[in-house]
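Colleague: Work out the full structure, taking the sequences as your base and the hints as a guide.
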Amino acid sequence: MVCWMREVAVILPVHNEAWLIGSVLGQVTDFARNTPDWRFVFVDDGSSDNTPELISQHLQRKGGGDSIELVALSPNRGKAGAIREVMLSREEAFLIFTDGDLAYSLDHLPQLCDALETHDVAIGSRALADGPQTNITMARRLVGSGFNRLVRLITGLPYHDTQAGLKGFRRDAAHTLFKEQVVEDFAFDAELLYLAQKHGFTVAELPARVSARHSYKKSRVNMLRDPLKMLSSLVRMRLIHRGAHGNRDLRNEEKKTTDTPVSGLIEPKTSHITPRSRVRARQR
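First residue of the sequence shown: 456, per our numbering; consecutive thereafter.
It is worth saying that the hints were derived from the structure and are not from the lab. There could be a bad hint or two in this list.
[Said to hold, decoys possible] Computed cross-link-like contacts, SDA-like style, restricted to lysine to any residue with a CA-CA straight-line distance of at most 20 Å:
(1) Lys-634 to Lys-653
(2) Lys-653 to Arg-626
(3) Lys-653 to Leu-583
Modeller: Next comes the structure, spelled out in C-alpha cells:
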C-alpha cells in the first residue's frame, strides 16, 4: 500500500475530553507504530479540564517519538479555527483531520489516504456505509439529513454527507482551501467542499461508519434552533464567497453579513469510492 510510505499528518482536535483521552491515546499510539512516516497531531482547543496535561503525560510516559505531537491553543477557537491553525502549518504530502474522540475508527485512514493518490480531496460519508447507522441518535440523524438537503439546495454540492468529521487533502489543496475558509461554525465542512468545487478540485467520497464506542456521547442537537442556524450559516457562506473581497476582509465580512442568497453554481468534480471499487471516478 503506497500511502503507508507517504508523509501524512493526521489532525485530531480535542476539547474537554479528559475522561476518554487515555483510550484515544492508546489507540493512536498502537496505530502509529505501523505508520512511521505519519504524524498524529492532537490540537487541544483551549480545554478547561486537564486534557492537554494528560496528553503530555502520556507522551512522556509512553513515548511515541516524533509520531505524536500536541498543539495547545488558548483561548478556545472552535473546531474550525483549531483545524485551520494546524493545517496551514503542516508540509506533509497528505493532511487529514478526524474527530479527536475517534468517532470514526483509525481503520478509515488508509482508505482516505489511498483516495488522495488520485484525488485532491477525500471525505468520509456515513450515507455510503453499508447497513443502518445505529450508533447515531435519531435527533442527530434527522438534523443531519435536513442539513445535507439544505447544502444541496443552496450550494449545488452533490455529496451524500458533508458533515462527517473525516476529511483528507493533498497539501496544496489543503493550504488553498483553509486560507480561504472563513466560516467558524458547523458549516465549515460544507464551506471547504464548496471552495473545492469553485477551485475545480477532484473529490472522492468514501463510506464511513460511526464507531460503536461513540454511541455513549450525549447529543447536543437542538431540533428547533439548529436547523435555523444551519440555514443562516449556509446562506451567509454563499454570500461571503461571491468573490468580492480578499480573504482577510471575508473574515470580517462574515460577522456582518445578512442572510441574503446569491446565485451562480459551478459544477463539481466528484467520485464515490466503495470497498469493492476503490477508485471509480465519475467526473461531472
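Colleague: Name the hints, by number, that the structure is in violation of.
Modeller: 3
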